[in-house]
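> Assemble the whole structure, with the sequences as input and the hints as a guide.
Numbers 1 to 161, taken from this note's numbering, label the letters of the sequence shown in order.
By construction, these hints were calculated from the structure, which means they are not laboratory data.
Among the hints, erroneous ones may be present.
Listed below are the simulated DSBU-like cross-link pairs for lysine-lysine, each with C-alpha atoms no more than 35 Å apart in a straight line [to be verified]: (1) Lys161 to Lys124; (2) Lys98 to Lys122; (3) Lys112 to Lys71; (4) Lys89 to Lys33; (5) Lys112 to Lys89; (6) Lys34 to Lys98; (7) Lys98 to Lys161; (8) Lys98 to Lys71; (9) Lys58 to Lys161; (10) Lys56 to Lys128; (11) Lys71 to Lys119; (12) Lys119 to Lys104; (13) Lys124 to Lys33; (14) Lys98 to Lys112; (15) Lys122 to Lys71; (16) Lys89 to Lys104; (17) Lys122 to Lys104; (18) Lys32 to Lys58; (19) Lys122 to Lys112; (20) Lys161 to Lys119; (21) Lys161 to Lys128; (22) Lys119 to Lys33; (23) Lys58 to Lys89; (24) Lys124 to Lys56; (25) Lys112 to Lys128; (26) Lys56 to Lys104; (27) Lys161 to Lys56; (28) Lys104 to Lys32; (29) Lys112 to Lys34; (30) Lys34 to Lys104; (31) Lys71 to Lys56; (32) Lys34 to Lys58; (33) Lys104 to Lys128; (34) Lys112 to Lys58; (35) Lys161 to Lys122; (36) Lys89 to Lys161; (37) Lys124 to Lys98; (38) Lys58 to Lys33; (39) Lys56 to Lys32.
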Amino acid sequence: MLVDFNTLPETSRVWIYQANRSFTEQELEEIKKKLDVFVENWTAHGSDLQAGYTIKYKRFIILALNQNIAKASGCSIDESVHFIQQLEKAYQVDLMDKMNVSYKQGDYVAYKTLVDFRKMAKDKAVSKNTIVFNNLVNTIAEFNENWEVPASESWHSRFLK
Numbered sequence: 001m002l003v004d005f006n007t008l009p010e011t012s013r014v015w016i017y018q019a020n021r022s023f024t025e026q027e028l029e030e031i032k033k034k035l036d037v038f039v040e041n042w043t044a045h046g047s048d049l050q051a052g053y054t055i056k057y058k059r060f061i062i063l064a065l066n067q068n069i070a071k072a073s074g075c076s077i078d079e080s081v082h083f084i085q086q087l088e089k090a091y092q093v094d095l096m097d098k099m100n101v102s103y104k105q106g107d108y109v110a111y112k113t114l115v116d117f118r119k120m121a122k123d124k125a126v127s128k129n130t131i132v133f134n135n136l137v138n139t140i141a142e143f144n145e146n147w148e149v150p151a152s153e154s155w156h157s158r159f160l161k
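See below:
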């Protein structure tokens with residue numbers, strides 16, 4: 001069952017998929033329609049899942065699930081991964097690679113491999129104050145508080161000396 005992302009409880013589980021490029025306006029409209037259909041029909045063991053999504057900065061797809069009503073099963077999680085993989089193919093974009101880093105450069109969201117980000121940190125091209133996206137958050141509460149944070153407050157801090 002599709003619900004507005006902003007109405008889900010803060011305890012709702014989130015999955016964040018970052019694209020290796022920004023989506024175009026046309027792609028965003030198409031992706032939103034596909035997400036609407038997917039989330040509306042997303043189930044676990046035949047039970048509707050109360051879920052929503054949001055897209056941030058034209059490159060992050062955030063799925064959220066109210067686990068107070070029904071928890072995601074292994075099969076339902078597999079369904080969501082399969083759906084994301086279909087988006088990857090349809091739009092020739094990488095959404096699943098967790099070994100990449102997105103961070104802000106002013107109003108722009110940059111995307112680098114972990115190796116490149118580590119080198120940038122060593123070269124002082126990014127600092128502890130650089131705003132990074134911590135895609136390891138697990139709930140909407142964590143998403144709201146700890147998704148966009150200075151690198152010093154994220155797992156990225158291990159690269160900054």
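> Would the pair lysine 122 and lysine 104 pass a check requiring their Cα atoms to be no farther apart than 35 Å?
Since the Cα atoms of lysine 122 and lysine 104 sit roughly 18 Å apart, the hinted pair holds (cutoff 35 Å).
> Between the alpha carbons of lysine 98 and lysine 122, is the straight-line distance 35 Å or under?
Judged against 35 Å, a Cα distance of about 21 Å means the pair holds.
> Hey, lysine 98 versus lysine 161, does the alpha-carbon distance stay inside 35 Å?
holds (23 Å)
> Assess, step by step, whether the Cα of lysine 104 is no farther than 35 Å from the Cα of lysine 128, and give holds or violated.
Status holds; Cα separation ~12 Å.
> Keeping to a limit of 35 Å between CA atoms, is the pair of lysine 104 and lysine 32 held or broken?
Between lysine 104 and lysine 32 the Cα gap is close to 24 Å, so the pair holds against 35 Å.
> When you check the alpha-carbon spacing of lysine 89 and lysine 104, does it fall within 35 Å?
holds (26 Å)
> Is the hinted pair lysine 161 and lysine 128 satisfied, with a Cα-Cα distance of at most 35 Å?
Given pair lysine 161, lysine 128 holds - Cα atoms ~9 Å apart, limit 35 Å.
> Compare the distance between the alpha carbons of lysine 98 and lysine 71 with 35 Å, and conclude whether the hinted pair is satisfied.
holds (24 Å)
> Keeping to a limit of 35 Å between CA atoms, is the pair of lysine 124 and lysine 33 held or broken?
violated (41 Å)
> Does the structure keep lysine 98 and lysine 112 at a Cα separation of 35 Å or less?
holds (11 Å)
> Taking only the CA atoms, is the gap from lysine 56 to lysine 128 under or equal to 35 Å?
Judged against 35 Å, a Cα distance of about 23 Å means the pair holds.
> Is it true that the CA of lysine 58 sits at most 35 Å from the CA of lysine 89?
Given that 35 Å is the threshold and the Cα spacing comes to 17 Å, the pair holds.
Hint check: violations occur at hints 11, 13, 15, 22 and 36; the rest are consistent with the structure.
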